[in-house]
Amino acid sequence: MNGAVLRLENVDKFYGAVGHGVHAVRNVSMDVGKGDIIALLGSSGCGKTSTLRMIAGFEETSRGKIHLSGREVQTLPPVKRHVAMAFEGYSLYPTVNVRDNIAFALKAQRLPRSAVNAKVAEVAEMLEIGDILERMPNSLSGGQQQRASLARALIRDANLYLLDEPMGQLEPQLRTLLRGRLKHFIKERGMTAILVTHDQTEANALADRIAVMEDGVLQQFASPAELKERPANLFTGTFVGEPPMNVFPVSVASDDGRLVLRFDGGQSLAYPENAFAAEVRAALFARGQVVIGVRPYAVRRSGTGAPANVLTNQWLGDQSHVSASFAKGTIILVEHDRAHVAIGDRILIELSPADLHVFDPESGMAISHGRELA
Amino acid sequence: MDQTSTLEKVLRRVAISLVILFFMFPIFWIVLMSFQTNETILRVPPSIVFEPTLSNYVALITGRLETQAGTLEVNFMSNLWNSLFLSAGSVAVGLILGIPAAYAFGRIKFRGSEDIAFTLLSFRFAPPLLVLLPLTIYFQKIGLADTYFGLIWVYQLIVLPLILWIVRGYFEDIPADIEYAYRIAGHSWFSTFRKVALPLAMPGIAAAGLLAFIFAWNNFIFALVLASADKQPVTVGALAFVTASGIQYGQVAAGIVLSILPTLALALYAQRYLVEGLSLGAVKG
Ligand SMILES: Nc1ncnc2c1ncn2[C@@H]1O[C@H](COP(=O)(O)OP(=O)(O)OP(=O)(O)O)[C@@H](O)[C@H]1O
Ligand SMILES: [Mg+2]
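Protein sequences appear in the order of chains C and R. With the working numbering, letter number 117 in the first sequence gets 117, and the count goes up by one each step, no holes. With the working numbering, letter number 4 in the second sequence gets 4, and the count goes up by one each step, no holes.
Careful: at least some of the hints might be erroneous.
Unchecked claim - Short derived list, chain C residues pointing at chain R, Cβ under 10 Å:
#	residue
1	Gly57
2	Phe58
3	Ala84
4	Phe87
5	Ser91
6	Tyr93
7	Asn159
8	Gly168
9	Gln169
10	Leu170
11	Pro172
12	Leu174
13	Arg175
14	Phe263
15	Gly265
Hints were generated in silico from the structure; no laboratory data involved. Ideal placement from N, C-alpha and C gives every residue a C-beta, glycine not left out.
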């Protein structure tokens, strides 16, 4: 085994009979190294919790192998796996107060009381729950319960920490504050963590790598920067990033050595021969039909380019979001200054070759990012 | 709440009192009867005014029933003891068998679990005699007829389905993740069952135990068919008060009062756990 703390090998999860029931996780493989923070990102019901529960041992692994610190564990009971988990539904023990909830596992280890108290105080302070330690779980707000549950997981001594939406209930200010502290806490101790989140900012800020899931399939597992710059397929391209990537089907034609992208509405954009690497040109010409994607902040208005009609223009305080009808669809532009365009205005749009992501229309797989092949 | 007028409060009190009176009246009347002789009970018109006597209780406790036709032996006290022993024994066995089964049915979804659970419940639907008659023959053959062991076994027909179904519901209401949280912190399956599931289901277990005790206590037909005089519970033993010289209402009433007492005591005791259940209500949220 290599140094991976966690290795999933072709893991499948079926609820119900294998091959028949709900196929919640499909052939997922990934490696998580020691000290990594991994964010698990994906829409609701895509199999994030199912994946964590298989790792923890609460759900049977229908197919495939799970290695934890070099041991094959998919058939072992939870108690033998040495992982800690913060549950999506908090799941505090209702009969004891917050302090005892947090300290439960430490007490089971027979740590001296003073050591337990010190640890609880430290984690509680970090998560801003020092003032509710003596309260009972059913008297707490959702956000307080969530932090107590997170504290209960973090205080443990485990090989891997599974945090299922640990901050979903908190207001943005507190979230931002705790996000920083949590990262520091985890990194300082060299802990390895997988964190489920619906918040991309959180994923970007916390994670070394992000695993994007959809429909039970691991779509891409890469660093936040790579995910943005080199999305592996249409799904990650459009799922990651706010506002989402603009996507248009185009046909590729050649005109006097130039590469012409023709949009559905009749608009077209032409690129000189040296705009793309030769292999990219060849791949695009070979396909004929492709899907292009461009991030909203990469769409430029200029004196030349393809025409579009402004539909909305919103100033968000620090940036403008402009939408315009374009190529039988809508294109969104983000500009960092106030955009002085009115509804109904005709604008000309330019898409720089460096910002173009090209995808195969059938498989959705990326063909090229910017000038280079994917 | 503080908006309620005095009139409303008074009316509410009156209404509640009426309801209580309505439901408590038979018990109240029986308690009164138990302190009267047959003559004062049967006089026309009936009256609340009488000279209280302990003779009924004395007769029951000493086991000597004085009637106009002479003195009769009643073994009411041993009947009471039988009732207590049979009911408590049945509930104890029922809990020992039923709680783990309820946990299994509530937590583990295995093939046919629903069918098995329903089959167990359906024993409650069968007319008892239907089960009893063939059972009597078997019991006589294998020597279980007229034994406490055999009776407690048969009582499981009443007690076990009740406990199983009530407790199972409570186990199902405990979020599984609470148990997982405990297991992942380094505890075995069994200690999780003992330390998390059992305490959280305690109100359900108390309720089921209490109900099962009452059902067992009130059972008549099983003991009537399967037990001889020395193993009979009060329900069957009370037949002895129907004597040649008429029904001994006073003693019957005293018998009822005495036989309510254990159930009442148990209910008061179990109340603690039942109420605790309410404060744990947030578990389900
Ligand atoms: N116990 C179960 N029995 C049957 N199907 C289940 C069960 N648990 C989950 N599923 C299904 O498996 C799929 C994945 O569920 P999962 O809970 O892993 O999603 P998730 O990614 O965590 O979603 P969310 O972001 O809403 O928490 C869903 O379609 C869900 O309906
Ligand atoms: Mg989930």
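The hints, checked one at a time:
At a threshold of 10 Å, the smallest CB-CB gap from C/Gly57 to chain R is about 8 Å, leaving the interface hint in force. The interface hint given for C/Phe58 is met, as the beta carbon of that residue sits about 5 Å from the closest beta carbon of chain R, less than 10 Å. Given hint, C/Ala84 at the interface with chain R, holds; its Cβ is 7 Å from that chain's nearest Cβ, closer than 10 Å. A hinted interface residue such as C/Phe87 counts as satisfied when its beta carbon comes closer than 10 Å to some beta carbon of chain R; here the least separation is about 5 Å, so the hint holds.
With a cut of 10 Å, the hint placing C/Ser91 at the interface with chain R holds, because the nearest CB-to-CB distance is about 4 Å. The interface hint given for C/Tyr93 holds, since its Cβ lies 6 Å from the closest Cβ of chain R, which is under the 10 Å cut-off. With its C-beta approaching chain R no nearer than about 12 Å, C/Asn159 sits outside the 10 Å limit, and its interface hint is violated. About 15 Å separates the beta-carbon of C/Gly168 from the nearest beta-carbon of chain R, more than 10 Å, and the hint is not met.
Because the beta carbon of C/Gln169 sits about 14 Å from the nearest beta carbon in chain R, more than 10 Å, this interface hint is broken. Below 10 Å, beta-carbon pairs count as interface contacts, and C/Leu170 has none with chain R, the closest being about 19 Å; its hint is therefore violated. Violation of the interface hint for C/Pro172 is found here, the shortest Cβ-Cβ separation to chain R being roughly 25 Å, above the 10 Å cut-off. Using the Cβ-Cβ criterion of 10 Å, the hint placing C/Leu174 at the interface with chain R is not satisfied: the shortest such distance is roughly 22 Å.
Hint status for C/Arg175: violated, given a least beta-carbon distance of 23 Å to chain R, over 10 Å. A least Cβ separation of about 50 Å between C/Phe263 and chain R goes past the 10 Å threshold, and the interface hint is therefore violated. Violation of the interface hint for C/Gly265 is found here, the shortest Cβ-Cβ separation to chain R being roughly 51 Å, above the 10 Å cut-off.
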